[in-house]
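Q: The primary structure of each chain is shown beneath.
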Amino acid sequence: MINISETKTKTKTETKTKIIDVQKIEKVFTLHERNSTQVTGFSDVSFSVNRGDLLALTGVSGVGKSSILKAIYRTYLVSSGEILFHRSDKSVVDLVTCSESQILQLRKREIGFVTQFLKILPRVSALQAVAAPLVETGVSEQDSLYQAANLLNMLGIREELFNISPLTFSGGEQQRVNIARGVIAPKDLILLDEPTASLDEQSSDRVLTLLADMKEKGIAMIGIFHDRKKIERVADKTYEITRKNTEKPFQAIREVA
Amino acid sequence: MLLEVQDLSKIYGNSCGSCLALTGEEHGRAICPECASVVAINSISLTARKNEILGIVGESGSGKSTLLQLIYQDITASCGKIFFNGLTDDRNQPLNILKAMPATVSHLRNKEMSMIYQNPHLGLNFLFSAGGNIAQRIIGAGERNYEKIRKGALGFIDRIDMETSRIDDYPENFSGGQQQRIQIAKALSSSPKLLLLDEPTTGLDVSVQAKILDLIKELQQEIGFSMIIVSHDLGVINHLTDITVVMKHGTLVEYGLTDQILEDPQHPYTQLLVSSIL
Amino acid sequence: MNSTTFAFIDEDAKKEIRRSLLKAVALPGYIVPFASREMPVARGWGTGGLQITLSIILERDVLKVIDQGCDASVNAVNIRDFITEVTGVKETVNTSEASIIQTRHRIPEHEFAKDEKQILVFQVPTPEVLTTVEPDTAKQKQMHANSDYAKLWVLLYEDTSQYGDSRISNRYPVLINDHYVMDPSPIPKYDIPRMDNSPVLQLFGAGREKRIYAIPPYTSVKPLKFDDREFKVESFSGISCERCGAQNVFFDEVRRETGNHYFCSDTEYCDQHLEKSNAS
Ligand SMILES: Nc1ncnc2c1ncn2[C@@H]1O[C@H](COP(=O)(O)OP(=O)(O)OP(=O)(O)O)[C@@H](O)[C@H]1O
Ligand SMILES: Nc1ncnc2c1ncn2[C@@H]1O[C@H](COP(=O)(O)OP(=O)(O)OP(=O)(O)O)[C@@H](O)[C@H]1O
Ligand SMILES: [Mg+2]
Ligand SMILES: [Mg+2]
Ligand SMILES: [Zn+2]
Ligand SMILES: [Zn+2]
Numbered sequence: 001m002i003n004i005s006e007t008k009t010k011t012k013t014e015t016k017t018k019i020i021d022v023q024k025i026e027k028v029f030t031l032h033e034r035n036s037t038q039v040t041g042f043s044d045v046s047f048s049v050n051r052g053d054l055l056a057l058t059g060v061s062g063v064g065k066s067s068i069l070k071a072i073y074r075t076y077l078v079s080s081g082e083i084l085f086h087r088s089d090k091s092v093v094d095l096v097t098c099s100e101s102q103i104l105q106l107r108k109r110e111i112g113f114v115t116q117f118l119k120i121l122p123r124v125s126a127l128q129a130v131a132a133p134l135v136e137t138g139v140s141e142q143d144s145l146y147q148a149a150n151l152l153n154m155l156g157i158r159e160e161l162f163n164i165s166p167l168t169f170s171g172g173e174q175q176r177v178n179i180a181r182g183v184i185a186p187k188d189l190i191l192l193d194e195p196t197a198s199l200d201e202q203s204s205d206r207v208l209t210l211l212a213d214m215k216e217k218g219i220a221m222i223g224i225f226h227d228r229k230k231i232e233r234v235a236d237k238t239y240e241i242t243r244k245n246t247e248k249p250f251q252a253i254r255e256v257a
Numbered sequence: 001m002l003l004e005v006q007d008l009s010k011i012y013g014n015s016c017g018s019c020l021a022l023t024g025e026e027h028g029r030a031i032c033p034e035c036a037s038v039v040a041i042n043s044i045s046l047t048a049r050k051n052e053i054l055g056i057v058g059e060s061g062s063g064k065s066t067l068l069q070l071i072y073q074d075i076t077a078s079c080g081k082i083f084f085n086g087l088t089d090d091r092n093q094p095l096n097i098l099k100a101m102p103a104t105v106s107h108l109r110n111k112e113m114s115m116i117y118q119n120p121h122l123g124l125n126f127l128f129s130a131g132g133n134i135a136q137r138i139i140g141a142g143e144r145n146y147e148k149i150r151k152g153a154l155g156f157i158d159r160i161d162m163e164t165s166r167i168d169d170y171p172e173n174f175s176g177g178q179q180q181r182i183q184i185a186k187a188l189s190s191s192p193k194l195l196l197l198d199e200p201t202t203g204l205d206v207s208v209q210a211k212i213l214d215l216i217k218e219l220q221q222e223i224g225f226s227m228i229i230v231s232h233d234l235g236v237i238n239h240l241t242d243i244t245v246v247m248k249h250g251t252l253v254e255y256g257l258t259d260q261i262l263e264d265p266q267h268p269y270t271q272l273l274v275s276s277i278l
Numbered sequence: 001m002n003s004t005t006f007a008f009i010d011e012d013a014k015k016e017i018r019r020s021l022l023k024a025v026a027l028p029g030y031i032v033p034f035a036s037r038e039m040p041v042a043r044g045w046g047t048g049g050l051q052i053t054l055s056i057i058l059e060r061d062v063l064k065v066i067d068q069g070c071d072a073s074v075n076a077v078n079i080r081d082f083i084t085e086v087t088g089v090k091e092t093v094n095t096s097e098a099s100i101i102q103t104r105h106r107i108p109e110h111e112f113a114k115d116e117k118q119i120l121v122f123q124v125p126t127p128e129v130l131t132t133v134e135p136d137t138a139k140q141k142q143m144h145a146n147s148d149y150a151k152l153w154v155l156l157y158e159d160t161s162q163y164g165d166s167r168i169s170n171r172y173p174v175l176i177n178d179h180y181v182m183d184p185s186p187i188p189k190y191d192i193p194r195m196d197n198s199p200v201l202q203l204f205g206a207g208r209e210k211r212i213y214a215i216p217p218y219t220s221v222k223p224l225k226f227d228d229r230e231f232k233v234e235s236f237s238g239i240s241c242e243r244c245g246a247q248n249v250f251f252d253e254v255r256r257e258t259g260n261h262y263f264c265s266d267t268e269y270c271d272q273h274l275e276k277s278n279a280s
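Chains as they are written, first to last, in the numbering used here: chain A, 1 to 257; chain U, 1 to 278; chain R, 1 to 280.
Please note that a few of the clues may not be correct.
[To be verified] As a list, the in silico BS3-like pairs of lysine-lysine whose alpha-carbon atoms are at most 25 Å apart:
(1) U/K111 to R/K151
(2) R/K151 to U/K193
(3) R/K139 to U/K99
(4) U/K50 to U/K99
(5) R/K117 to R/K14
(6) R/K232 to U/K148
(7) U/K99 to R/K141
(8) A/K230 to A/K215
(9) A/K217 to A/K237
(10) U/K193 to U/K50
(11) U/K211 to A/K119
(12) R/K222 to R/K23
(13) U/K81 to U/K50
(14) R/K232 to U/K151
(15) U/K111 to R/K232
(16) A/K108 to A/K16
(17) R/K114 to R/K15
(18) U/K217 to U/K193
(19) A/K90 to A/K18
(20) U/K151 to R/K90
(21) U/K193 to A/K108
(22) U/K193 to U/K148
(23) A/K119 to U/K217
(24) U/K111 to R/K141
(25) U/K148 to R/K225
(26) R/K222 to U/K148
(27) A/K16 to A/K237
(28) R/K151 to U/K148
(29) A/K90 to A/K237
(30) R/K225 to U/K151
(31) A/K16 to A/K215
(32) R/K225 to U/K111
(33) A/K108 to U/K50
(34) U/K217 to A/K108
[As the list claims (entries may be wrong)] Quick list of simulated restraints, FRET-style, between CB atoms:
(35) A/H32 to U/N173: 41 to 51 Å
(36) A/K24 to U/T76: 28 to 38 Å
(37) U/T164 to A/R158: 37 to 47 Å
(38) U/L87 to R/L58: 45 to 55 Å
(39) R/H179 to U/S60: 40 to 50 Å
(40) A/D44 to U/S60: 36 to 46 Å
Hints listed in this document are in silico derivations from the structure and should not be mistaken for laboratory results.
Glycine is no exception: its CB is placed at the ideal position from the N, C-alpha and C atoms.
Generate the whole structure from the sequences, applying the supplied hints.
A: Here you go:
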């Protein structure tokens, strides 16, 4: 087992405090190139997540799941609503209205995003790509590379691939590199867009184990999973997006790693 | 705040006094209908923090180069203010560096800020060797010890992945990509807080371009400085920058996180710009 | 040569040159323009120095003129004859006796009087020290204003890295009062340390370029050099003058089939030294 967040000393008692509070957000895209057509990405979305919990977003394709994650990360600008982020120092920032610089700060240490596709420069090895976010937080290159190797090992990436650019990897391998990259640096909230989509049973299992470990450390997550079984295994709550949004408690069946 | 630009304008020509009000994005023009002055930059405000990387995109003639030149004081502004790194005047008020004493301005240009130009002839002195060019900035930043200057120059030649044995060669004997590397070494040798780059890789081979961008990114992470980079290449902007500024007709039409600008552009012009590369 | 006014130049012109001189003295090392007049010698033959001398000379002055250390060279003689003709002042070869010394390419070997009463007038061909590194005159001005001499230092850096030391043999750039860097005229490096903190008023005139600059008495004059490098002047160790036997002075080197021969560059010094050694 590896230690993803050495600098964090979260304890179980802390896990019930709120980390994010999404209130009535709505996203309408105006496509100026298409006669200013308006497309609703999502509307009337409200939920909150506690530290150490994983909230699963569910709903049919096109209902707005990815868009919600992007809105939290400020890759999309919401049209209305609030996204209150509770920082570990107890201060609260509205991710909708705070400055770009503030978002950049939060992205560095507090909010992470594991996107569906790996976006890295060519000519960077898998190990370097995974270590980079940790190096950026000030951890030495050597330590970062060491932790990156552990993480890739845990996710079942063969060692012979470590020094090759992940852009040459298979889809599933790329996805695991992407996850490793997304979780290596300690963050309080991690957004996951279909982290297990193109993985086989065994690899998915490794990823889910990793997510469960992260929850233990008090990290909160909002994830999109297509597979009901996976949701049952790691999620504490689901948030089903339909025309009429409902948030219903979910009995998670947790397995011990 | 490292850099704070407030209401900065640059008018070419004898202004009629209404030029700023009659031009800009909402009027769809940069040329004043009253007096035909060119409003290259119209009331632009923006900020850059420590270690932030800003990208500037926009169509040809929208004022991108002019904006960098105003910040670096290659040219003088028509009006506006620029504050830099908490500099104050002798009454402890924030110092508008556009009104600073020549000595302060040259300190800013020689030490605190560096500019990398698309044309290496603007950024390098072709009469000086590669090492001499780097030395010029180290000296400009106040160093007068030969060994330290030489070591510094050698260190930067090495850092840009160039054979240190080439330190005494002259710029004309280097390839275009190498000349840009030398510009980068020169620019960084004074440990500036702000690096301004105007299309630093335009006109180079794609493979050379990529390597130079990698180098810039690497050095930025290693050394830590803020950058403002002008590029018409959204790939460059995507790889390199945190925040993107979109300009049109001398005005700033959109400002946002780079991923937001690329994935959820708001302004019609930005949408056009982004859709045209997809 | 006829002239109705004392010292050839009319009073208005003198006034103007003196005004430029005053400004030059007030801003040591700063280059001041002046309206150079036609002189009865060709430009490039010391007309700048000549105009300075003629504007400041008084009847009671005693004049010495040298060219490369020599009082008897044709140029020196021509200029001295002209000045004495239009002023009637006394002339001398004796450095300590002279109140105005006009010179090209040398500073006399003899120490100057400490009373700040002697004036050294240099003839200057290229007054702007920055021309070698910056052709644009507007930029030169700005560089002077900002004391931005990085480009001159780069030349020094390049010489040091490629040749081990500066290759400049004369016109070595000097920093005046820690502000302006100026061209000391084509004097050898040997003379550079002798400009520092000198009791004489040093005036520089460039006729063709219409420029004047100055170093007041007891002013700091430092050659540009790196902190960790020595400023090396021409070395004549073990060499003595073939004529008078003097050592530790600046020598003219004469190459003949018989080998290199050395003579004092300052002929007056040589004469005096010869006299002394003959006497003893
Ligand atoms: N950048 C965009 N510009 C315009 N419309 C967009 C943009 N992003 C998303 N949309 C629209 O918003 C809606 C929600 O899309 P989103 O990708 O969030 O769905 P999703 O629930 O993640 O679907 P899937 O399960 O297929 O991934 C869709 O109708 C989509 O077309
Ligand atoms: N010296 C000048 N005199 C008059 N107009 C000028 C001058 N310099 C620039 N301009 C004008 O100012 C405007 C902005 O020019 P600028 O060079 O900043 O554009 P840019 O955005 O960098 O364009 P490009 O992408 O082509 O480099 C243009 O209309 C240009 O013609
Ligand atoms: Mg999706
Ligand atoms: Mg340009
Ligand atoms: Zn006008
Ligand atoms: Zn002799």
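Q: So, for every hint listed, does it hold in this structure?
A: Here's how the hints hold up against the structure:
With a CA separation close to 15 Å, the supplied pair U/K111 and R/K151 stays within the 25 Å bound. About 22 Å separates the Cα atoms of R/K151 and U/K193, which keeps this hinted pair within 25 Å; it holds. For a cut-off of 25 Å, the pair hint linking R/K139 to U/K99 stands: about 19 Å separates their Cα positions. Under the criterion of a C-alpha separation no larger than 25 Å, the hint pairing U/K50 with U/K99 is consistent with the structure, at around 23 Å.
At roughly 20 Å between alpha-carbon atoms, R/K117 and R/K14 fall within 25 Å of each other, so this suggested pair holds. A distance of roughly 20 Å separates the Cα atoms of R/K232 and U/K148; the hinted pair therefore holds under the 25 Å criterion. For the suggested pair U/K99 and R/K141, the alpha carbons sit about 19 Å apart, so the restraint of at most 25 Å is met. Simply put, A/K230 and A/K215 have alpha-carbon atoms about 15 Å apart, close enough for the 25 Å limit, and the pair holds.
Restraint check for A/K217 and A/K237: the C-alpha separation of about 18 Å stays at or below 25 Å, so the hint holds. A distance of roughly 8 Å separates the Cα atoms of U/K193 and U/K50; the hinted pair therefore holds under the 25 Å criterion. At most 25 Å may separate the alpha-carbon atoms for a hinted pair to count; U/K211 and A/K119 meet this at roughly 17 Å. For the given pair, R/K222 sits about 21 Å from R/K23 by alpha-carbon distance, which is consistent with the 25 Å threshold.
The hinted pair formed by U/K81 and U/K50 meets the criterion: a straight-line CA distance of about 19 Å does not exceed 25 Å. This hinted pair checks out: R/K232 and U/K151 have alpha carbons roughly 23 Å apart, not beyond 25 Å. This hinted pair does not check out: U/K111 and R/K232 have alpha carbons roughly 31 Å apart, beyond 25 Å. About 24 Å separates the Cα atoms of A/K108 and A/K16, which keeps this hinted pair within 25 Å; it holds.
A hinted pair counts as satisfied when its Cα atoms are at most 25 Å apart, and R/K114 with R/K15 does not qualify at roughly 28 Å. Only pairs whose Cα atoms come within 25 Å are accepted, and U/K217 paired with U/K193 is accepted, the gap being roughly 15 Å. For the given pair, A/K90 sits about 10 Å from A/K18 by alpha-carbon distance, which is consistent with the 25 Å threshold. A hinted pair counts as satisfied when its Cα atoms are at most 25 Å apart, and U/K151 with R/K90 does not qualify at roughly 58 Å.
Distance hint between U/K193 and A/K108 is fulfilled; the C-alpha atoms sit about 20 Å from each other, no more than 25 Å. In summary, the hint linking U/K193 to U/K148 is supported, as the alpha carbons are separated by about 21 Å, within the 25 Å threshold. Taking the CA atoms of A/K119 and U/K217, the gap is about 15 Å. The hint holds against a cut of 25 Å. Among the hinted pairs, U/K111 with R/K141 is consistent with the structure: their alpha-carbon atoms are about 20 Å apart, no more than 25 Å.
With a C-alpha separation of about 14 Å, the suggested pair U/K148 and R/K225 falls inside the 25 Å cut-off, and the hint holds. Only pairs whose Cα atoms come within 25 Å are accepted, and R/K222 paired with U/K148 is accepted, the gap being roughly 21 Å. For the hint pairing A/K16 with A/K237, the CA-to-CA distance comes to about 13 Å; that is within 25 Å, so the pair holds. At most 25 Å may separate the alpha-carbon atoms for a hinted pair to count; R/K151 and U/K148 meet this at roughly 17 Å.
With a C-alpha separation of about 24 Å, the suggested pairing of A/K90 with A/K237 holds against the 25 Å cut-off. The suggested pairing of R/K225 with U/K151 holds, with an alpha-carbon distance near 17 Å, which does not exceed 25 Å. Between the alpha carbons of A/K16 and A/K215 the distance comes to roughly 12 Å, so the proposed pair stays at or under 25 Å and holds. Taken as a hint, the R/K225 and U/K111 pair is honoured in the structure, with Cα atoms around 21 Å apart against an allowance of 25 Å.
Proposed proximity of A/K108 and U/K50 is supported: the alpha carbons are some 14 Å apart, at most 25 Å. In summary, the hint linking U/K217 to A/K108 is supported, as the alpha carbons are separated by about 16 Å, within the 25 Å threshold. A beta carbon spacing of about 50 Å between A/H32 and U/N173 agrees with the range 41 to 51 Å that was offered as a hint. Roughly 50 Å separates the CB atoms of A/K24 and U/T76, a value that falls outside the hinted 28 to 38 Å.
Taking the beta carbon of each, U/T164 and A/R158 are about 38 Å apart, inside 37 to 47 Å as hinted. About 53 Å separates the C-beta atoms of U/L87 and R/L58, a value consistent with the hinted range of 45 to 55 Å. The hint said 40 to 50 Å for the Cβ distance between R/H179 and U/S60, and at roughly 44 Å that hint holds. One distance hint, 36 to 46 Å for the beta-carbon pair A/D44 and U/S60, holds here, with the actual separation near 44 Å.
In the structure shown, a violation is registered for the earlier hints numbered 15, 17, 20, 36, in ascending order.
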